[in-house]
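Residues per chain are reported as follows:
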Amino acid sequence: MESIKAIIEALILASEAPLGLDKICTVLPQVEKSELKEILAALVAEYKERAGGICLEEVAGGFQFRTRPELGQWVKKLKGMKPASLSAAAMETLAIVAYRQPIVKSEIESIRGVDAGHALKVLMEKKLLRIVGRKDVPGRPIIYGTTKKFLEVFGLKDLSELPTLRELKELNEPAENVVPVEADEGAVTDEPAEELPGS
Amino acid sequence: MNEEQTTDYAIKLDIFEGPLDLLLYLIKKNEIDIYNIPVALITEQYLQYLKMIKSLNLDLAGEYLVMASTLIHIKSRMLLPEPEEPEEEEEDPRAELVRQLLEYKAFKEAAANLSQRPILERDVFTRAALLPEETEKAPSDEEELVEVSIFELIEAFHRLVTRLDKKELMEIDLEKMSVTDIINEILDRLSSEKNVTFDELLGEIKSRRRIVYTFLALLELIKLRMVKVYQATAFGVIRIFPAVEMEA
Numbered sequence: 000m001e002s003i004k005a006i007i008e009a010l011i012l013a014s015e016a017p018l019g020l021d022k023i024c025t026v027l028p029q030v031e032k033s034e035l036k037e038i039l040a041a042l043v044a045e046y047k048e049r050a051g052g053i054c055l056e057e058v059a060g061g062f063q064f065r066t067r068p069e070l071g072q073w074v075k076k077l078k079g080m081k082p083a084s085l086s087a088a089a090m091e092t093l094a095i096v097a098y099r100q101p102i103v104k105s106e107i108e109s110i111r112g113v114d115a116g117h118a119l120k121v122l123m124e125k126k127l128l129r130i131v132g133r134k135d136v137p138g139r140p141i142i143y144g145t146t147k148k149f150l151e152v153f154g155l156k157d158l159s160e161l162p163t164l165r166e167l168k169e170l171n172e173p174a175e176n177v178v179p180v181e182a183d184e185g186a187v188t189d190e191p192a193e194e195l196p197g198s
Numbered sequence: 000m001n002e003e004q005t006t007d008y009a010i011k012l013d014i015f016e017g018p019l020d021l022l023l024y025l026i027k028k029n030e031i032d033i034y035n036i037p038v039a040l041i042t043e044q045y046l047q048y049l050k051m052i053k054s055l056n057l058d059l060a061g062e063y064l065v066m067a068s069t070l071i072h073i074k075s076r077m078l079l080p081e082p083e084e085p086e087e088e089e090e091d092p093r094a095e096l097v098r099q100l101l102e103y104k105a106f107k108e109a110a111a112n113l114s115q116r117p118i119l120e121r122d123v124f125t126r127a128a129l130l131p132e133e134t135e136k137a138p139s140d141e142e143e144l145v146e147v148s149i150f151e152l153i154e155a156f157h158r159l160v161t162r163l164d165k166k167e168l169m170e171i172d173l174e175k176m177s178v179t180d181i182i183n184e185i186l187d188r189l190s191s192e193k194n195v196t197f198d199e200l201l202g203e204i205k206s207r208r209r210i211v212y213t214f215l216a217l218l219e220l221i222k223l224r225m226v227k228v229y230q231a232t233a234f235g236v237i238r239i240f241p242a243v244e245m246e247a
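Residue numbers (numbering that gives the first Met the number 0), protein chains in the order written: chain A, 0 to 198; chain B, 0 to 247.
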């Protein structure tokens, strides 16, 4: 058990991206998944108890070593970086997409009351948003969703970890009329997912 | 920039968060119950703001005007007498706007909550950090966070303009001044004093021209991300800091 824990610790450290349970399984096929889960939980608890400069966090469906949030100012000094901050417009747009995805531009704009083009462009460039398809209505507007990087940047395990939205009574519309897009570039397939209603 | 150009100086500002944001700001400022908005009062204040924004020569987005007409429409509907026998349950004319405001407010709060999370490369760091070219590129295509809302800046500006001695406005101002000069002046002061308040920047000479130019200079500096503007409490003193530590 101890050695497996050490192996997992090494795997997480050596991994560039958050290391998922499935990946650990492929390296350690002889160990039961449930046992791996337990060991991971113990490892997370160990780091928590130690309360040092390193945290073991579960983000974007994997495990990753991160510096403790309170120590950010020191690490920043070391790296000499400007804090990467988003404008209020971009943050609001990001929040709307995160909670309401899949969503098209016009829906974002009706919530914020202003044009969302620039904010969407910035968020796409930062790879926090991606194109998930096109809505099969006239104009075939682009449907946006959040990326895995969004989860990583904001330290979320998955989208369900987003805090509940206050005053949100309306139900999210089901993801209907979505033409799936394979790549991130937004290449559109020609065959429509469904016939246009009433055409 | 020569003298002629400065007189019709127009700035396009992206930091305006839109008409809903302005309405929420007015509601908060007047301590109004969002479910029972006094439409006449809010419409009047809203239009006053549009006037102020226009007087600054700022580009006014069309959405602001749409909201103005919506407000006036609601106001007029509220003035209509209620039908004696209502055929069906009449909805409050304000209902749709309130729903929109609440929804926007919820997302504004959600955005604030997201910003408070430990953010990668801001609060927390991983061993395998982002590729260098990505971090280097980052500052160029993002806007700086402005800690004071643009409405508060406009308000400070408006307070000063209204405080002006009317007589002084009659004087012909021959003082040679340009926004560029004021920008340099602000930067000079910031390098020696670390931070200044909006009032201090104006100094003794509070002519309308001086105030307008200082305000425009400040907006320009914010846009160029050369200064940061903070306010400790709502409607408190607005303090200007250099965005980066400058060498004295």
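Hints listed in this document are in silico derivations from the structure and should not be mistaken for laboratory results. A quick note: this is a predicted structure, and the numbers were derived from the prediction, not measured. All C-beta atoms, glycine included, are put in the ideal place defined by N, C-alpha and C. Fair warning: there could be bad hints in the mix.
[To be verified] Derived pair list, reagent style BS3-like, types lysine-lysine, alpha-carbon separation capped at 25 Å:
1) B:K193 / A:K120
2) B:K227 / A:K76
3) A:K120 / A:K36
4) B:K104 / A:K75
5) A:K104 / B:K227
6) A:K75 / B:K227
7) A:K75 / B:K193
[Said to hold, decoys possible] Calculated Cβ distances over 12 Å to all of chain B for the following chain A residues:
8) I6
9) E15
10) L27
11) A40
Against the structure, the hints:
1. In summary, the hint linking B:K193 to A:K120 is not supported, as the alpha carbons are separated by about 35 Å, beyond the 25 Å threshold.
2. About 19 Å separates the Cα atoms of B:K227 and A:K76, which keeps this hinted pair within 25 Å; it holds.
3. The suggested pairing of A:K120 with A:K36 is violated, with an alpha-carbon distance near 39 Å, which exceeds 25 Å.
4. As the CA atoms of B:K104 and A:K75 are separated by approximately 32 Å, the hinted pair breaks the 25 Å bound.
5. The hinted pair formed by A:K104 and B:K227 fails the criterion: a straight-line CA distance of about 31 Å is larger than 25 Å.
6. Note on A:K75 and B:K227: the hinted pairing holds, with a Cα-Cα distance of about 19 Å set against a maximum of 25 Å.
7. Taking the CA atoms of A:K75 and B:K193, the gap is near 22 Å; set against the 25 Å cutoff, the hint holds.
8. With a closest Cβ-Cβ approach of about 18 Å to chain B, A:I6 is found to remain outside the 12 Å limit, as its non-interface label requires.
9. Distance check for A:E15 against chain B: the nearest CB is about 5 Å away, which does not clear 12 Å, and the non-interface claim fails.
10. Chain B leaves A:L27 outside its interface by the beta-carbon criterion, the shortest separation being 21 Å against a cut-off of 12 Å.
11. Distance check on A:A40: its Cβ is at least 20 Å (rounded) from any Cβ of chain B, clearing the 12 Å threshold; non-interface status holds.
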